[in-house]
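A.B. asks: Sequence:
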Amino acid sequence: MSEHLTDRELIQTGGRLGIFLKLFAAVVGIIVISELLGIKKIPLGPGSVVLLPMLYAVILGLLITPDILGKPLAFLRKIIGKEEIELAGPMVMLALLPLGVKYGTLVGPNIVKIINAGPAFLLQELGNLGTIFIALPLAVALGLKREAIGAAVSICREPTLGVMTERYGMRSPEATGTLGTYMVGTVVGTIFFGILGSFAVYTGLHPYALAMACGMGSASMMTAASGALSMTVDPAMKDTILAYAATSNMLTGVTGMYSVIFLALPATNFMYGKFVKLFGKGE
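Quick note: the sequence shown uses the numbering used here, first residue 6, plus one each step.
Just to be clear, a hint being listed does not mean it is correct.
Pairs of lysine-lysine, DSS-like flavour, derived with a Cα cap of 30 Å [stated by the list, open to error]:
| id | residue 1 | residue 2 |
| --- | --- | --- |
| 1 | Lys150 | Lys279 |
| 2 | Lys282 | Lys45 |
| 3 | Lys243 | Lys282 |
| 4 | Lys150 | Lys46 |
| 5 | Lys46 | Lys243 |
Just so you know, the hints here were simulated from the structure itself, not pulled from any lab data.
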């Protein structure tokens, strides 16, 4: 093996470095703009919606992608292209690692409270099954066929996508429905849960119960929801809320897959047949 890189290898290495630097520059620009905008509270009904810099960052990230950029912003395509988009996916996982460490430091000091709420953490996964009764009939009524099973079986993150792919195959309608919900959650989930987290406190439910609900199996969605919730309630509850949300998110990642396999998927298949007959959407 040669000890020196060939000219072709040097060009490829330089190209990858250039892509990384462009992506890094775009991220820094988004961070600066988002932080300058700061936290905004918008009065809405009996409460208010808290908009965090993370929400601005998601929206700005969407706006500068090549498929959305219009002619007025075409010059930005020289910074963000398809290569940068492909690199951004793996980099997200790396960027979430420090966030996980931060939440781990919050779980430790609140471990006694978490242990006392242990059964609630384990049983809260059963609450996710309630969404099937809302999402499945709506999907069937809109005309989806077997795709409705995959789309409504859960929040459809990586574990669910793996289960549906293994059970039905990647090209199956069920897996297609799961992937569709996964992509929608990736694009708008953070924005939706960020707004929901700030407004949910006015439902009258205890903030700690809402904090557990923030842990739905997605690190970015959990962060947006729990961050907005912690900014809305008593500041003294902030660390406990973030700890509850982080613990709930971790347990959901562990128990959620088994909940889908043994509870959600059989229930969804059973109810699908009922709703198909009810809405006259026979296959």
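A.B. asks: Each hint needs a verdict: does it hold in this structure or not?
C.D. replies: Evaluation of the provided hints:
no.: 1; hint: Lys150 / Lys279; verdict: 13 Å, holds
no.: 2; hint: Lys282 / Lys45; verdict: 47 Å, violated
no.: 3; hint: Lys243 / Lys282; verdict: 48 Å, violated
no.: 4; hint: Lys150 / Lys46; verdict: 41 Å, violated
no.: 5; hint: Lys46 / Lys243; verdict: 17 Å, holds
The earlier numbered hints that this structure contradicts are 2, 3, 4.
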